[in-house]
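**Q** Okay, here's what each chain looks like letter by letter:
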Amino acid sequence: MNIDMWQTFKSVFIAIPTGLSITFRYLFRKPVTEQYPKVRPKFEDRYRGLHYLTRYSDGSERCVCCGLCAAACPADCIYMECAETPSGIRYARIYEINELRCIFCGMCEEACPEEAIFLGHEFEFSSGDRDDFIYTKEMLLANYDKIEKERVAKRIKPMIRQERFQFKKPAAPIGH
Amino acid sequence: MADNITLTIDGKMVEVPPGTLIVEAAQRLGITIPTFCYDERLRSVGACRMCLVEVEKMPKLVASCATPVAPSMVVHTKNDRVIKAREGVLEFLLINHPLDCPTCDKGGECPLQDLTYAHGPAVSRYRENKIRFIEDINQKFDDKPLGPEIILNRNRCIMCYKCVRIVRDLAGEADLGVFKRGAFTNISNLNEVAYADEFSGNTVEYCPVGALLSRSYRYSIREWLLKKATSVCNLCPVGCNMNVEWSAGRVYRHMSRRNREVDDGWLCDRGRYGFDIFSAADRLFKPHIRRGSTLEPCGFDEALIVVSKHLRKIIDQNLGMQVAAVGSPTLSNEEAYAIRHFFDDVIKTPEIDFQTDMAHPVESGIIDLVGLDGAIRDLERDTVFVIVGADPAVEQPVATLLIKKAVSIRNARAIFIGSYDKRLGHFPITNIRIPYGAEGHALEHISNRLENKAASDDIRLNEEALNEIEELARKGERVHIIAGRNFFNHPDRAGFLAAMLRLRKLANARLSILPPQSNFIGVSHFGLFGDVDHSFNKILERIDSGEIKTLFVFGSNPVDEFPDRKFVLDTLKKLEFLVVVAPFMHPTASLAGAVFPQAMLPDYGGTFTNIEGRIQLFEPMSDRPHVAVRPAWGILGEIADLINLGRIWYHDREIRDEIARQLKGMAVLAHMPSDGFLFPFRSQEELETRPVNLKTLPARKNEHSYILQFAQSVHHQGWLTEKSNNLMRISGREAILIHPEDAARDGIVENQAVTVSNSDESITVTARITTHVNRGEALLVNSFTGQPANKLMSRDSSITYVSVKGI
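Chains as they are written, first to last, in the working numbering: chain A, 16 to 191; chain B, 722 to 1528.
Careful: at least some of the hints might be erroneous.
As the list claims (entries may be wrong) - A few chain B residues facing chain A, derived, Cβ under 7 Å:
(1) 864
(2) 940
(3) 943
(4) 1476
To be verified - Below, in silico cross-link-like pairs of lysine-lysine (DSBU-like), each with a Cα-Cα straight-line distance of 35 Å or less:
(5) B:1270 to B:1294
(6) A:152 to B:1287
(7) B:865 to B:851
(8) B:865 to B:1069
(9) A:152 to B:1422
(10) B:1422 to B:1526
(11) B:1030 to B:1416
(12) B:948 to A:152
(13) B:1259 to B:1034
(14) B:865 to A:152
(15) B:1143 to B:851
(16) A:152 to B:1174
(17) B:1294 to B:1034
(18) B:1287 to B:949
(19) B:1287 to B:1385
(20) B:1034 to B:1007
(21) A:172 to B:1270
Note that these hints are calculated values from the structure, not bench results. Because the structure is a prediction, the values reported are computed rather than measured. Note that beta-carbon positions come from the ideal geometry of N, C-alpha and C, so glycine has one too.
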């Protein structure tokens, strides 16, 4: 009997005031709820959203289709096929990401040796059709163009080297 | 034999024969010393310095791949000094390496990547500019095509000289060389001649970096995405073991699978680059049946029902004798068994033949003699090769490597007797030129000399050269007589064979008749050819006279192969019903009433028997998307099931179990060992001497006629290899070789287009003028189905007379 009374006492005079104190504390703080459709959320730089494929400043694709992103991908959502330009440069003829399978872990951008693939801040790409989530190379490059346009407009310094790597003049002239 | 040497490696004692290299001794202990340039099949050069080890009492580290063991040597392979040296070597190797692994085809299977990961420094201290070999004027393209298939990127090269050694020591060619010195040392092709010898693909496979690349594999897929199916090459009867590497139902390349008894890890370019026959654009994947005048694609069941209804009718009326079947010696043992079983027991017809490319089939007595005498590995121990009526470098390239080895290392003699000159790389050989069809006479000349009889006084034989063979045989050298493709279409086969058997006995030699097609010996085990009364020629005649009304064709293409193309075409049109199992819609298939797509190598499993009688297993791709291609046993099994006779097979293993139960000595077939097993297909006692009755030599018909002979090239053999884009890129164009005197008389100049014609048919080819052929004889090399050579041949005689006229 004694114990029951003590329990009642504890809940009325200790537990409830403790809980309400938290409520009252938050009542006067700035709310954390995001008014998403009306107000766009702000992301940290490292946020991982929709992928994009980068270009060099001359407009050529960076991706050389080495397959390391696909190898690193734990969800196996990247598919690519290689080809060769007439001047012998390797590029991805087909580069597809299945964004439905993707878990946005960022392993692909970590694996990429050419700084070609990144995960951007775009997250509004839902659709009612599964086919819409197969992002082709052209779509991924278009994502980059959009981001790049914004970057230039906002005069933000580029994150990555913009020029294609050039071999410097060799140590000595080389003939045959 | 000297005593074995005992030495200590990393504190462990090992006993090895003298002359063993340290790296091999370490291998016996299970210690792996990292190497780039070392390959036990090639001569050591000690070029890469990766294998440095410390030997006590030696002041400097030594290259273990070039240092033979010595008694009581103490070797350290893992101490601090060695580890530091390895790091240093790798840092040096990587100084000028472009590190373009993302774009390099070798990435993922690269020894340089692996060893750098295992032993190398994490960072380079080199800050200066790398040396770069730029190959084009735009200064963008670093890759340089060495030939139609091989591409070289000299920036990646680490100078292990493996490619140079493969070309020089193995193939015996002089295509690649080393130029310049120091940091500018580089590999290049000599005199800018296109590099396309018959073993060029091996340099790509064994290159430890991505310096040598294949055009067919270039930038196609990454290595780690490929799945492997163990397989056996079926483009020649050597039966080299290989891995078929594939992904998503497409074959990307063939890589060697080392079987020390057969290929020792080498593949010829025909086997290596012929992989795209499988995925050729016009490959058949659907059955076709004839509706009216056109062949229309249909479902597999529909085609089966059409054929089974027809067969049911024949069986009900007991007209099995009206059915005939022809196959091809490239079919597997299981298919051969199934065909034999179906047509013998179900249809009950004796009309089966597997030789659809010659009008005069090889008799069963000779079939038993076909094959290599002894094992393939024994070839390197022979000291005199008398190669007569054969060009093994083209027909059996990988087996020829052992002849080349015997010639280059053991100073064996290779003597070619034939009507045109052959070559064995740059290795010294003797070409004894004889008139066409005189092989038997030449051998008889030697035999007569050996028996001290009066030799023939035929002035057309080069007696001095032939007498040399006699002297070598008298000295007790190990003589090996090798005959090949020209034996099978020789105008006087019986005389030729008798002469060979006589010489074999007199010279105490070995005699090998090497078959031209892949599974010739395996198919012959099932008695599928050699029956002269039921040869394809006879079958055709019976079709012509209306005795045979239904013909089944498995895997062969008689319209493109059999002599007298017009006759074959006309005869096959007379058939009531023609069923063709074909991988492509070739001319025979387009005559058919029903066409089934044929399964090609990685589609199905089975066994092949090679020239030494080794039965080897090949496996299908594991999870291929379902398509309607089936091997012959798959199609026949289903037909047998539909007509309620015979049985259906679901897997090649079932047939092997059945063969193992029924055929004596084949019990091993039920559980095949991975390196195959030798089935003793002929015993030496069977080779008895026959009386030699030589026919007179064929002569020209008139002044302007030529005797036409046919030769193939390494990269092109008939209608099947023609479907491979890779091989067509490498192989030369078709040409007719003519002696300069004949050319001058007929007014033909080099590279001129000429018509080669017999009385009513003609083809157009390019003329080449060379002294490598006899006067009055012409040699057609690389015949393509666009200009079918079988138009010119006749069914009646093995000799083809043509006239050659410039256009």
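**Q** Take the hints in turn and mark each one as holding or not.
**A** Cross-check of the supplied hints:
no., hint, result
1, 864, "holds, 6 Å"
2, 940, "holds, 4 Å"
3, 943, "holds, 4 Å"
4, 1476, "violated, 39 Å"
5, B:1270 to B:1294, "holds, 11 Å"
6, A:152 to B:1287, "violated, 54 Å"
7, B:865 to B:851, "holds, 19 Å"
8, B:865 to B:1069, "violated, 60 Å"
9, A:152 to B:1422, "violated, 68 Å"
10, B:1422 to B:1526, "holds, 16 Å"
11, B:1030 to B:1416, "violated, 50 Å"
12, B:948 to A:152, "holds, 26 Å"
13, B:1259 to B:1034, "holds, 25 Å"
14, B:865 to A:152, "holds, 29 Å"
15, B:1143 to B:851, "violated, 46 Å"
16, A:152 to B:1174, "violated, 82 Å"
17, B:1294 to B:1034, "holds, 21 Å"
18, B:1287 to B:949, "violated, 43 Å"
19, B:1287 to B:1385, "violated, 43 Å"
20, B:1034 to B:1007, "holds, 25 Å"
21, A:172 to B:1270, "violated, 83 Å"
Violated hints, listed in ascending order, are 4, 6, 8, 9, 11, 15, 16, 18, 19 and 21; each of the other numbered hints is respected by the structure.
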